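Heads up: the sequence shown begins at 21 in this note's numbering, then just goes up one per residue.
Think of the hints as simulated: they come from the structure by calculation, not from any bench.
Possibly wrong hints are sitting among the right ones.
Computed Cβ-Cβ distance ranges for the label pairs, DEER-style [said to hold, decoys possible]:
no. : residue 1 : residue 2 : range
1   : Gly68     : Leu113    : 14 to 22 Å
2   : Ser30     : Phe70     : 38 to 46 Å
3   : Phe98     : Gly68     : 19 to 27 Å
4   : Leu93     : Leu60     : 15 to 23 Å
5   : Phe108    : Phe61     : 32 to 40 Å
6   : Leu33     : Phe104    : 29 to 37 Å
7   : Ser57     : Phe84     : 38 to 46 Å
8   : Ile117    : Leu37     : 38 to 46 Å
9   : Thr64     : Leu93     : 42 to 50 Å
10  : Lys115    : Thr64     : 43 to 51 Å
11  : Asn85     : Gln55     : 40 to 48 Å
Quick caveat: nothing in here was measured; it's all calculated off a predicted structure.
Ideal Cβ placement from N, Cα and C applies to all residues, glycine included.
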Amino acid sequence: MKTKMYFKTSWPLATFLINLSGAFLLGFMFGFHFQQSYFLFWGTGIVGGFTTFSTLNSEIVELFNNKHLYTGLNYMVFSYLGGFILLFIGYFLGKLIGYL
């Protein structure tokens with residue numbers, strides 16, 4: 021990954037940012053009340069394909085296997101917790117904009 025060349029870290033930054041932005045987008049679409057067909061296409065299809073849940077989990081396992089336990093645990097906690105937080109922020113922002 022190019023991010024590893026620049027940041028010299030075992031933290032999978034690209035996957036982390038993609039998953040957090042995807043969680044925000046899904047929350048926004050759900051809060052905005054897209055029609056079901058649009059939500060299925062954009063939410064499940066496009067954003068679901070954009071996010072990398074399986075990559076996230078394989079990177080967590082890889083960090084644990086390479087004895088980066090602290091980094092792996094932080095990555096797991098911040099990814100899941102951050103994802104839920106951004107999902108709710110996106111949801112409430114989508115509701116707010118949907119009512120304007």
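Hints, one by one, checked against the model:
1. Restraint check, Gly68 to Leu113: a C-beta distance of roughly 20 Å satisfies the suggested window 14 to 22 Å.
2. Ser30 and Phe70 have their C-beta atoms about 23 Å apart, which leaves the hinted 38 to 46 Å range violated.
3. For Phe98 and Gly68, the hinted distance range of 19 to 27 Å is satisfied, since their beta carbons lie about 21 Å from each other.
4. At roughly 35 Å, the beta-carbon separation of Leu93 and Leu60 lies outside the given 15 to 23 Å, and the hint is violated.
5. For the pair Phe108 and Phe61, the beta carbons lie near 23 Å from each other, so the given range of 32 to 40 Å is not met.
6. For the pair Leu33 and Phe104, the supplied restraint of 29 to 37 Å is violated, since their beta-carbon distance comes to about 20 Å.
7. Evaluation of the 38 to 46 Å hint for Ser57 and Phe84 yields a pass: the beta carbon distance comes to about 40 Å.
8. A hinted range of 38 to 46 Å for the beta carbons of Ile117 and Leu37 is inconsistent with their spacing of about 23 Å.
9. Separation of Thr64 from Leu93 is about 30 Å and departs from the stated range, judged on CB atoms against 42 to 50 Å.
10. Between Lys115 and Thr64 the beta carbons are some 20 Å apart, a value that contradicts the proposed interval 43 to 51 Å.
11. With their beta carbons about 44 Å apart, Asn85 and Gln55 fall inside the hinted range of 40 to 48 Å.
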